[in-house]
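Residues per chain, in single letters:
Number of protein chains: 2
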Amino acid sequence: MSLLHEPADPAVPRSPLDRAFRPRSVAILGASDDPTRISGRALHYLLRAGFSGGIFPVNNKRDTVQGITAYRNLADVPGTPDVALIALPSRLLAAALRECVAKGVAAAVIYAAGFAETGESGAGLQDELVEIARAGGLRLFGPNCLGLMNSASGFVGTFSSAFDAGTPKGGGVAIASQSGAYGGHLAYLCRERGLDVGYWVSTGNESDVDVATCIDWLARQDEVTVIMAYLEGATDGDRLRAALATARAHRKPVVITKVGKSAAGAVAAASHTASLAGADGVYDAVFAEFGAYRARTTQELVDIAYACDRGVFPRGRRLGIVTVSGGFGVELCDAAERYGLDVAGLPEAARARLRELNPMGSDDNPCDTTANWLNDPSLITKTFQIMYGGGDYDSVIGSFTILPDSPTFGAGIRDAIRAGTEGYLDRPTALCMQARPDVVRAYEEAGFLVFGDSDRAAHALAALARIAESFAASPHEALDPGTPTEANLSGLSEADAQEVLAEVGVPFLPSRLVHDRESADAAAREFAVALAAKIVSPDLAHKTDVGGVELDVTDAAAAFDSITTRVAAARPDARIDGVLLTPMAPSGVELIVGTSTDAVFGPVTMVGLGGVAAELHRDVVLRVGAVTVEAAREMVLGLRSAALLTGHRGAPAADLDALARLISTVSRFAVANRDRVASVELNPVLACPDRTLALDALIITHSQKGTTWISD
Amino acid sequence: MSLLHEPADPAVPRSPLDRAFRPRSVAILGASDDPTRISGRALHYLLRAGFSGGIFPVNNKRDTVQGITAYRNLADVPGTPDVALIALPSRLLAAALRECVAKGVAAAVIYAAGFAETGESGAGLQDELVEIARAGGLRLFGPNCLGLMNSASGFVGTFSSAFDAGTPKGGGVAIASQSGAYGGHLAYLCRERGLDVGYWVSTGNESDVDVATCIDWLARQDEVTVIMAYLEGATDGDRLRAALATARAHRKPVVITKVGKSAAGAVAAASHTASLAGADGVYDAVFAEFGAYRARTTQELVDIAYACDRGVFPRGRRLGIVTVSGGFGVELCDAAERYGLDVAGLPEAARARLRELNPMGSDDNPCDTTANWLNDPSLITKTFQIMYGGGDYDSVIGSFTILPDSPTFGAGIRDAIRAGTEGYLDRPTALCMQARPDVVRAYEEAGFLVFGDSDRAAHALAALARIAESFAASPHEALDPGTPTEANLSGLSEADAQEVLAEVGVPFLPSRLVHDRESADAAAREFAVALAAKIVSPDLAHKTDVGGVELDVTDAAAAFDSITTRVAAARPDARIDGVLLTPMAPSGVELIVGTSTDAVFGPVTMVGLGGVAAELHRDVVLRVGAVTVEAAREMVLGLRSAALLTGHRGAPAADLDALARLISTVSRFAVANRDRVASVELNPVLACPDRTLALDALIITHSQKGTTWISD
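Chains A and B, in that order, give the protein sequences.
For the first sequence, my numbering begins at 436 and goes up steadily by one.
For the second sequence, my numbering begins at 436 and goes up steadily by one.
Keep in mind the hints are simulated off the structure, nothing from the lab.
Don't be surprised by glycine CBs; every beta carbon is placed ideally from N, CA and C.
A couple of the hints might just be wrong.
As the list claims (entries may be wrong) - Across the chosen pairs, the derived CB separations fall in these ranges:
#: 1; chain 1: B; residue 1: P872; chain 2: A; residue 2: E880; range: 31 to 37 Å
#: 2; chain 1: B; residue 1: E961; chain 2: A; residue 2: P945; range: 41 to 47 Å
#: 3; chain 1: A; residue 1: A1034; chain 2: B; residue 2: R1084; range: 33 to 39 Å
#: 4; chain 1: A; residue 1: L860; chain 2: B; residue 2: T471; range: 51 to 57 Å
#: 5; chain 1: A; residue 1: A937; chain 2: B; residue 2: D951; range: 26 to 32 Å
#: 6; chain 1: B; residue 1: A881; chain 2: A; residue 2: E857; range: 46 to 52 Å
#: 7; chain 1: B; residue 1: R1084; chain 2: A; residue 2: E934; range: 50 to 56 Å
#: 8; chain 1: B; residue 1: D673; chain 2: A; residue 2: A1088; range: 28 to 34 Å
#: 9; chain 1: A; residue 1: A1088; chain 2: B; residue 2: L1072; range: 33 to 39 Å
Unchecked claim - Which residues of chain A face chain B? A few of them, derived with a C-beta cut under 7 Å, are:
#: 10; residue: N495
#: 11; residue: T499
#: 12; residue: V694
#: 13; residue: G695
#: 14; residue: K696
#: 15; residue: T733
#: 16; residue: V765
#: 17; residue: N793
#: 18; residue: G940
#: 19; residue: F943
#: 20; residue: L944
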């Protein structure tokens, strides 16, 4: 494969990021003659890697640095360097950036720490640098970052010790990490795993270029096979979502570790980098929306990137299993179920062929060949042929335990599997095996994914299936949230909130606000059914606690009296707007639908099962932004308890269209009015067989105290 | 450590299993001269390992085998071999076993396959062998097994290719695996991980000796540090429970993989070995009861055995974290939360010491030392001293990424941590690091657990904490289930079932069975509250479906008429015993309590949250056998939704003692009557603040069709 590091058409102008990731020349400000020092490391790496462009050390005290010509000032450097690597202390940075701007440099990389990550005065210093760069059209990496690398061109613009052992040969794996140390760790793990890293970038404090910016650029490069990302928190939610959309459009898998899920972790993340983290559950929602794969552990991140790098994705989730001992087949069945792969049975014709081939082995999926193949390796070949040809599985895992490591059998097993998978190389074949690294490499070169553990193999294939599903899904269209309401939204009572939301299309029960026992009685006659009666007051968010609610009311006048008396006794300070009468609700499944405002991603819509048990199980689904009806339906079906809505055990199914429309409507309202609305809560929402109804509504504006519903 | 392979006192008589695991002499029946053949492999291994006892090949055609004297018959072998390894085809086995019995051999190992695992005729052959052995007092390993090994004495009585590369040196790790291939795979993984395997046994078809028998024996050996077990299904539930109790009493950690959790896996397991598998959730309950750690994956099995082998367990769950870059601290916080470790903050005095020591680093837990220690490794030493001395953490994880692999820093970091943990070697210190195997070994020799991944380190420390908790817990006393009831239990109506269970102490609402509208009316007057009315019939298990239930009844006579009319219309065939009237239930949390009969473990008691949503979440806790009140309370508190019972959000707490007594009572009833009772179901059970009440009861006998509640 030819690893391009220039666009095909030289007439196409290069963007600043093109110039940063594929520089034609590099200046190193503060370059040291000592290759072991941070200020000397990048120059050393560039020289060792044989960087294909110009290298211009700038050092105000020396004529040569590490054996090549040095310049006293950036201004003296011939031509226009695309990138300036700045290995200078903080106090010299502002001047250095001004020189970069004057020289027409596209991007400056700032290694120095001591900025926003240390507190307010550091943040002030950082803002100053950003201002200089922005005004001058200069892109910034860092500060507090370890730089970037493009291995195909030998551009190693980093001092990370991960590249001490050598420059990776060009490859399809791209790493974008907020933490430089973590990024270096990943580079090491990739090398151990035989994964070739083509691009590597650490973004540090993300004063300008962030991980999202890098994902967006990397996703557009033909040679990239997979993007591994590490995030502590996004600085710009919209940019991250747009970058993930770009990656999906270009069919580039993004495997991402977002740390800070735990409370202690979130605090630690905030002190490590200077980014504002959104609620962790919202990240899950964003990653799921665009098919980015969130890896829970570093091992998982590397495993799944490894599987993606091959570029072979399964068409579906049907998994064939071939083993040389039954116990591993059982273990693999369990793992397949854990990750949602389908160990479907073989058709009878294929089973008959297996019986004929190997009477002592099993004749179904999982297929245990037993040890009979020791006498005849073609038995392995034919078993794979039957699994793919007869079983038509989307992927196959072969479990060969420690046998590939055997000098006697190792190569023969490999060749036998290779022959059996001929014609099926468009489907992933994974092998579980233990062997020395050179044996593993030989198996990989024969076209197989190799894992040391059943669980990890099944997990990776399931991840490939999920990513393929996401590539195949048509992205939801952008949805116009509509125009903001002209209504006042501040300090709304429940009745007012219902009115505002009814206006935009949220269905409520009919209701009547009454102010005295006589009008209560009149309204009750009109409804002519049992009623619910609730106090209405801008000062009472929790009406039940003060005796403000009565149900199954038949004497509305009496209920009016008793409610108002109780509330007056409990909260004499509360302003009372009246009592709201509504028909008793029909039966249906109780849900909660709401919106909240995430610090990074803005309005987020939530649906969850109502009731106290569901809350303990945290069965909620979130989605950022204006939600289409179709996406809202996906949210509902994504609930673990979705079966309650789709006809569980003969119970009637809810009207999912009506429910999805309600969710979509609420989300559009929240987005259209995002400048004012902090949160909306409809609790409960009743999903009935013939309709969906909201029974209660609460709108909180940014100027009020936000409600807190748990998003993760 | 001296690795004993003889009991201290030679006067103590040796049990057959002592003789099997620590033979003084071994006969090999059918020994081949060819060391590559299955029948030649064990002899080859024994000779190569320098087995300390007598080796007696038996071969009816040769005078020598692999260079040593062979005997034509077992009878000709001098003395009494403790073990006979039998490498003969099936048809010669019966005669061979008779010879073993005649010779006084303690245990025979049968390698041959083709018995119970292949179907009925094979099972017949196997039964014949078992009969010969049992009658002659001979213990059997296999058939269809790979034998056993005791590496300290060089007794390698197996043909597993796992020992082709060499005999493990004696060590504390014991492996007991039903599958020989899986056991061999584990031995390979242990060698890779630097774990010394002292005992290894594969039990195959378990016609006599099973994994439980081996666990029991291994747990009694001083030199054993950890038992790794692999199960497809237990043959004898009581024996497995007794073995796990022995292991706990001897403070031997048991780390166990039980495959067959998935439906496909259960089918595959049944066809791989011949054991009858119990429901998977019941295994979880048994392992939890005795503190055996169930590993979900092979990697986890090896990781946790590795951690146990050191023998250093934490006193609690408070975890200190030291990193050289903040990102890893965040990752470790997330992992700690995932596995229930507590990343507690440091006391202020310790924080002040950290600030003084390293102003640029973090002054709390997790502690990011930043890269400052590069200039002064004593900073690492002092940081560990502060974490252990000032933070008093139960364990500490240090994350050093790829730095230990550095020729420049590697040894210095190791020595610095070693100095910092001096005085705290009774607490586990785990390091997350990437390095070459020899570097890892050097770190391990300095006293640290080494993991390549944050998640795996946190997982292993949490497992150590859980195992330590189980060692510390006092085992529940055995509970006398009481005498069987004299009542008839077959075909009981709900009212009859209630009466039987009320007799043994299960609290129900008072009720009256009425047979006509007049007696219904009279009963209602007596109760003088709103009633529930339900049809009583031995033919109607689901009464609601046929209109057989009315609630909030005030006119009992009318309810009697309408219920009997509806039921007669829906099920004219059903025998009707009358209508049961009970007061409407008080408010409380709805639970389901029941018992079921597991194929392997017998009566199992379950408690779960009632209601349809809880069922979807499968929030149930199981326990085998007669459950003490204290254990029943643990069951209830083990529910994910336990908060609903302990005063969630200001709701009143349920009377847990009453609930635990009810569970205990039902379990004792099921055990006492296990010969007749297949299952009991109390659904719902209402847990109220002042009492617990069962509202409904169902007893199913073995002769009836069993109810099916989902146990996993």
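Which hint numbers doesn't this structure obey? 1, 3, 4, 5, 7, 8, 10, 11, 17, 18, 19 and 20
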